[in-house]
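Undergrad: Each chain, written out:
Protein chains: 2
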Amino acid sequence: MSSTENEKARILELRQKHIGSNVSLHFASSTPLLILKGEKEFLYDEHGSSYLDCVNNVAHVGHCHPHVVAATTRQCAALNTNSRYLHPALVDYSARLSKTFPEAAKLEIVFWVNSGSEANDLALRLAKEHTKKRGVICVEAAYSGHTDRLIGISPYKYGRKGGIGRPKSWVKEAPLPDVYSGKFRGDIADDSLGQKYAAEVDKLLSEYDLDFKAEQKLKSMRDARLALSGDEGADEESRAMRYLDECLLQDDGLSTGCGAFIMESILSCGGQVMPPAGYLKRVYDSVRKHGGICIADEVQVGFGRVGSAFWGFQLQGPDIYPDIVTVGKPIGNGFPVAAVITTREIAKSFDNGMEYFNTFGGNPVSASVAHAVLDVIETEKLQENALKVGKVLIEGFNALYAEFASAPVCIGSVRGTGLMVGLECIKGERNGNREPDGECCIAVKLHAYTHHKILLSTDGMFDQVIKLKPPMCFTEEDAKNTCLAIREGLLLVKERRMGMKE
Amino acid sequence: MSSTENEKARILELRQKHIGSNVSLHFASSTPLLILKGEKEFLYDEHGSSYLDCVNNVAHVGHCHPHVVAATTRQCAALNTNSRYLHPALVDYSARLSKTFPEAAKLEIVFWVNSGSEANDLALRLAKEHTKKRGVICVEAAYSGHTDRLIGISPYKYGRKGGIGRPKSWVKEAPLPDVYSGKFRGDIADDSLGQKYAAEVDKLLSEYDLDFKAEQKLKSMRDARLALSGDEGADEESRAMRYLDECLLQDDGLSTGCGAFIMESILSCGGQVMPPAGYLKRVYDSVRKHGGICIADEVQVGFGRVGSAFWGFQLQGPDIYPDIVTVGKPIGNGFPVAAVITTREIAKSFDNGMEYFNTFGGNPVSASVAHAVLDVIETEKLQENALKVGKVLIEGFNALYAEFASAPVCIGSVRGTGLMVGLECIKGERNGNREPDGECCIAVKLHAYTHHKILLSTDGMFDQVIKLKPPMCFTEEDAKNTCLAIREGLLLVKERRMGMKE
Numbered sequence: 012m013s014s015t016e017n018e019k020a021r022i023l024e025l026r027q028k029h030i031g032s033n034v035s036l037h038f039a040s041s042t043p044l045l046i047l048k049g050e051k052e053f054l055y056d057e058h059g060s061s062y063l064d065c066v067n068n069v070a071h072v073g074h075c076h077p078h079v080v081a082a083t084t085r086q087c088a089a090l091n092t093n094s095r096y097l098h099p100a101l102v103d104y105s106a107r108l109s110k111t112f113p114e115a116a117k118l119e120i121v122f123w124v125n126s127g128s129e130a131n132d133l134a135l136r137l138a139k140e141h142t143k144k145r146g147v148i149c150v151e152a153a154y155s156g157h158t159d160r161l162i163g164i165s166p167y168k169y170g171r172k173g174g175i176g177r178p179k180s181w182v183k184e185a186p187l188p189d190v191y192s193g194k195f196r197g198d199i200a201d202d203s204l205g206q207k208y209a210a211e212v213d214k215l216l217s218e219y220d221l222d223f224k225a226e227q228k229l230k231s232m233r234d235a236r237l238a239l240s241g242d243e244g245a246d247e248e249s250r251a252m253r254y255l256d257e258c259l260l261q262d263d264g265l266s267t268g269c270g271a272f273i274m275e276s277i278l279s280c281g282g283q284v285m286p287p288a289g290y291l292k293r294v295y296d297s298v299r300k301h302g303g304i305c306i307a308d309e310v311q312v313g314f315g316r317v318g319s320a321f322w323g324f325q326l327q328g329p330d331i332y333p334d335i336v337t338v339g340k341p342i343g344n345g346f347p348v349a350a351v352i353t354t355r356e357i358a359k360s361f362d363n364g365m366e367y368f369n370t371f372g373g374n375p376v377s378a379s380v381a382h383a384v385l386d387v388i389e390t391e392k393l394q395e396n397a398l399k400v401g402k403v404l405i406e407g408f409n410a411l412y413a414e415f416a417s418a419p420v421c422i423g424s425v426r427g428t429g430l431m432v433g434l435e436c437i438k439g440e441r442n443g444n445r446e447p448d449g450e451c452c453i454a455v456k457l458h459a460y461t462h463h464k465i466l467l468s469t470d471g472m473f474d475q476v477i478k479l480k481p482p483m484c485f486t487e488e489d490a491k492n493t494c495l496a497i498r499e500g501l502l503l504v505k506e507r508r509m510g511m512k513e
Numbered sequence: 012m013s014s015t016e017n018e019k020a021r022i023l024e025l026r027q028k029h030i031g032s033n034v035s036l037h038f039a040s041s042t043p044l045l046i047l048k049g050e051k052e053f054l055y056d057e058h059g060s061s062y063l064d065c066v067n068n069v070a071h072v073g074h075c076h077p078h079v080v081a082a083t084t085r086q087c088a089a090l091n092t093n094s095r096y097l098h099p100a101l102v103d104y105s106a107r108l109s110k111t112f113p114e115a116a117k118l119e120i121v122f123w124v125n126s127g128s129e130a131n132d133l134a135l136r137l138a139k140e141h142t143k144k145r146g147v148i149c150v151e152a153a154y155s156g157h158t159d160r161l162i163g164i165s166p167y168k169y170g171r172k173g174g175i176g177r178p179k180s181w182v183k184e185a186p187l188p189d190v191y192s193g194k195f196r197g198d199i200a201d202d203s204l205g206q207k208y209a210a211e212v213d214k215l216l217s218e219y220d221l222d223f224k225a226e227q228k229l230k231s232m233r234d235a236r237l238a239l240s241g242d243e244g245a246d247e248e249s250r251a252m253r254y255l256d257e258c259l260l261q262d263d264g265l266s267t268g269c270g271a272f273i274m275e276s277i278l279s280c281g282g283q284v285m286p287p288a289g290y291l292k293r294v295y296d297s298v299r300k301h302g303g304i305c306i307a308d309e310v311q312v313g314f315g316r317v318g319s320a321f322w323g324f325q326l327q328g329p330d331i332y333p334d335i336v337t338v339g340k341p342i343g344n345g346f347p348v349a350a351v352i353t354t355r356e357i358a359k360s361f362d363n364g365m366e367y368f369n370t371f372g373g374n375p376v377s378a379s380v381a382h383a384v385l386d387v388i389e390t391e392k393l394q395e396n397a398l399k400v401g402k403v404l405i406e407g408f409n410a411l412y413a414e415f416a417s418a419p420v421c422i423g424s425v426r427g428t429g430l431m432v433g434l435e436c437i438k439g440e441r442n443g444n445r446e447p448d449g450e451c452c453i454a455v456k457l458h459a460y461t462h463h464k465i466l467l468s469t470d471g472m473f474d475q476v477i478k479l480k481p482p483m484c485f486t487e488e489d490a491k492n493t494c495l496a497i498r499e500g501l502l503l504v505k506e507r508r509m510g511m512k513e
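If you read the sequences in order, they're chains A and B. Sequential numbering from 12 applies to the first sequence in our numbering. Sequential numbering from 12 applies to the second sequence in our numbering.
It is possible that part of the hints are untrue.
Identical copies carry no separate label here, and so any pair may be met within one copy or between two of them.
Unchecked claim - With a straight-line cut-off of 27 Å between C-alpha atoms, the simulated DSS-like cross-links for lysine-lysine are:
| # | residue 1 | residue 2 |
| --- | --- | --- |
| 1 | Lys-359 | Lys-19 |
| 2 | Lys-117 | Lys-19 |
| 3 | Lys-399 | Lys-464 |
| 4 | Lys-51 | Lys-392 |
| 5 | Lys-230 | Lys-207 |
| 6 | Lys-505 | Lys-143 |
| 7 | Lys-359 | Lys-143 |
| 8 | Lys-491 | Lys-392 |
| 9 | Lys-110 | Lys-230 |
| 10 | Lys-399 | Lys-19 |
| 11 | Lys-117 | Lys-228 |
| 12 | Lys-292 | Lys-194 |
| 13 | Lys-179 | Lys-230 |
| 14 | Lys-143 | Lys-172 |
| 15 | Lys-228 | Lys-179 |
| 16 | Lys-491 | Lys-179 |
| 17 | Lys-230 | Lys-183 |
| 18 | Lys-28 | Lys-110 |
| 19 | Lys-143 | Lys-28 |
| 20 | Lys-464 | Lys-143 |
| 21 | Lys-392 | Lys-117 |
| 22 | Lys-28 | Lys-117 |
| 23 | Lys-19 | Lys-300 |
Because the hints were derived from the structure by calculation, they are not lab data.
My request is simple: use the sequences and hints to build the entire structure.
TA: Structural data, given as structure tokens:
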């Protein structure tokens with residue numbers, strides 16, 4: 012073995028020894044990559060070979076962007092302490108970030124955290140304090156983060172292997188508003204589809220009302236039982252009722268009901284799913300009418316990625332105002348920083364006497380890095396680039412859609428906008444049952460890697476979507492090369508499948 | 012106003028406009044500090060005035076240590092991507108960290124996260140997957156982090172202002188094993204006190220058994236009721252029972268019982284409380300006998316701070332092996348990184364088919380920074396320094412203990428080890444009821460700030476402890492100056508109180 016081979020083998024061995032086996036490694040079953048350098052939209056292995064990165068929406072302005080590196084270096088050397096001291100970077104960036112939202116939304120208070128997971132977890136705490144209701148409505152196939160509470164609102168986790176199902180005491184799950192393979196199908200611009208999917212959320216809101224009644228009944232059964240035996244009743248049934256009281260009916264100041272509706276503006280892990288026209292507006296209105304608040308999870312899609320807007324929720328119209336927005340991944344181009352942005356009113360409810368302190372959140376380095384990322388988005392016009400290059404990608408995908416129109420390889424749908432796009436593969440015909448074809452997507456991903464040094468990912472509940480969310484400096488040439496590689500992969504799968512039939 | 016005054020006023024105004032009001036600011040009620048530079052154990056304001064930092068255990072090897080800054084810069088410029096690619100820094104540091112634990116503990120698998128909160132939250136997930144039990148025993152006055160689930164095991168939060176109390180369905184709270192003002196009092200070296208406090212945990216473990224029986228009884232009541240009405244029974248009572256079923260008795264594969272015992276090796280927010288001899292050994296044995304696992308939270312105390320050992324749990328003896336250790340704050344000297352270290356067996360239970368992915372966790376920058384921090388701890392012999400300077404602090408505190416022995420200013424106890432120490436102030440006499448004197452501690456803190464430019468903190472449930480946990484490069488001279496400042500503060504409080512009596 013050469014010395015680089017030795018080194019790679021050594022790293023792999025140490026990884027198996029010291030890293031949890033469910034912490035996944037790309038291409039683990041073929042040849043995992045040792046990556047030592049990143050620049051713009053490329054990653055470089057130990058031999059200096061470059062790989063086109065179509066996966067990493069975290070390296071938003073390009074891997075190791077010099078302006079961001081310079082800001083990190085400068086601030087690291089000057090000061091890195093917590094938010095209990097005044098610092099200009101913290102407040103200036105907070106003001107700058109809040110100005111990126113529609114003014115009418117009044118999203119002006121920023122809570123600084125270290126990851127999208129911390130952001131969504133905190134958003135749920137804010138919602139609970141503001142509404143005093145414990146319920147949360149999430150969306151089928153969604154992923155919201157890795158804290159214990161967030162696993163509970165992530166069907167992508169609790170509903171797949173290793174999951175223990177939906178936590179029924181506080182979570183309800185709305186159907187995926189997917190106009191391609193969801194419950195109601197048709198044109199994404201069709202407002203009546205938005206209406207139908209929004210009506211599904213209304214149903215869940217009504218279920219909470221039934222839950223409330225059921226809880227009241229349980230309370231009266233408990234009271235009746237305890238009145239029979241007295242508070243000190245030591246018989247089994249009384250003890251059971253006291254246990255019920257402690258566990259389910261405890262006086263925690265919260266009531267059964269929908270405290271929050273949370274949704275990514277484009278469902279990323281769900282497979283680049285965009286809701287139909289008019290969906291969010293109706294859902295937000297209904298949720299608020301029932302006393303809940305609305306959280307837009309922009310961790311994956313925010314900061315200009317969708318091309319035609321700076322924030323994903325703006326795709327649903329100019330009059331869409333979430334009560335809370337969470338941001339993460341791209342905000343620091345890989346530096347661990349994230350944030351929750353909300354209204355003064357909600358922030359005030361959260362200030363109930365309990366301090367919120369986040370050790371690293373909002374330190375001067377995080378804030379300076381975030382500043383530098385926004386600088387680059389603006390000066391290099393990356394949102395405009397996402398719009399332009401995204402169109403090239405969609406054109407290329409549309410050509411593939413025309414070419415791969417039926418079994419054995421069939422593209423069912425082309426979706427997304429800007430640099431947040433995907434191709435869904437299905438088994439059988441387009442008029443068929445739209446059974447997901449994850450096997451095809453995975454084969455294409457592998458082919459692009461091994462033959463083109465292009466890194467793709469697959470997603471959706473069944474890996475049925477080939478997904479692109481590359482650094483925002485992705486070029487038209489990158490887009491064309493990627494479409495060529497995908498086409499070659501699809502052709503190979505087709506040939507293989509036709510060969511197998513012979 | 013001068014231009015620096017203008018700038019400070021501007022920052023303060025923006026902070027009020029954009030930062031949540033429960034994100035606290037040091038000395039907000041007197042003069043908050045604008046800090047622009049950090050070096051070693053000093054922070055510098057906008058005029059270049061230095062402040063001795065006795066608070067920040069995050070800047071472990073000293074603010075802006077050049078070796079750590081250099082590592083950050085180097086790695087930021089080369090590569091910052093996620094752990095799905097092989098990288099030497101990730102695995103080498105994981106191996107290096109695991110070697111710092113007693114070999115017999117077999118703490119060899121490292122999960123990388125971004126904060127102590129993420130670490131403790133993940134530790135609870137690991138415990139749940141491994142034991143299939145949902146219960147957690149925490150310790151009175153403890154703080155474990157800011158995620159929603161961690162607030163639920165933090166009496167320091169749920170039991171104080173704004174808290175909604177203990178989540179009775181899964182959390183039990185053991186008494187604070189504080190030999191000074193706790194339930195059982197005496198000498199910290201007295202093994203019988205360790206035994207008494209450990210017996211309190213045994214009681215909680217037995218309560219879980221009663222809960223289990225109560226839950227079984229509830230299930231049979233539900234079954235009986237549903238048998239009467241049939242599954243479809245639409246009467247109120249049946250609906251209530253089905254609701255009970257969904258909420259409390261759902262089939263999530265978990266059972267009522269103690270899945271984990273979690274405790275900081277020295278309770279930091281609790282007020283620098285060290286458990287008596289023999290406590291952890293007995294508690295760990297009992298918890299394991301009941302099928303639970305033991306988590307040592309080393310987020311605040313790890314990495315040599317306690318002086319005589321590298322990890323806080325080692326203070327309880329060479330045969331103490333937690334099943335999970337969580338680390339955070341100091342690991343990256345302020346860079347947002349943290350980790351969960353556990354055994355292969357527990358990591359294997361966690362690998363149940365569900366991927367664990369942490370976007371920023373274990374990126375090459377985090378790992379390189381953590382390496383650099385360990386380098387400095389070793390080359391500058393900071394653990395040894397903590398031991399040496401900690402002794403000077405304790406000597407100084409003992410002198411103050413001798414001097415302030417009775418009302419109106421009375422030091423009740425001197426506690427801690429290494430650079431994790433505190434002074435508890437009480438009202439009245441040492442033989443009295445040991446009523447906490449937070450007012451005195453807060454006055455001393457303010458005096459040290461305004462007259463000596465020394466930054467102290469107060470903690471404990473009633474702010475009754477003056478707390479020191481400075482950067483580990485703290486010197487003997489710093490220690491002596493701090494003791495002088497505290498003495499002056501105590502004298503002033505005494506004079507003021509005596510004057511008020513006249």
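Undergrad: Among all the numbered hints in the text so far, which are the ones the structure does not match?
TA: The structure breaks hints 5, 6, 9, 10, 11, 16, 20, 23; every other hint is satisfied.
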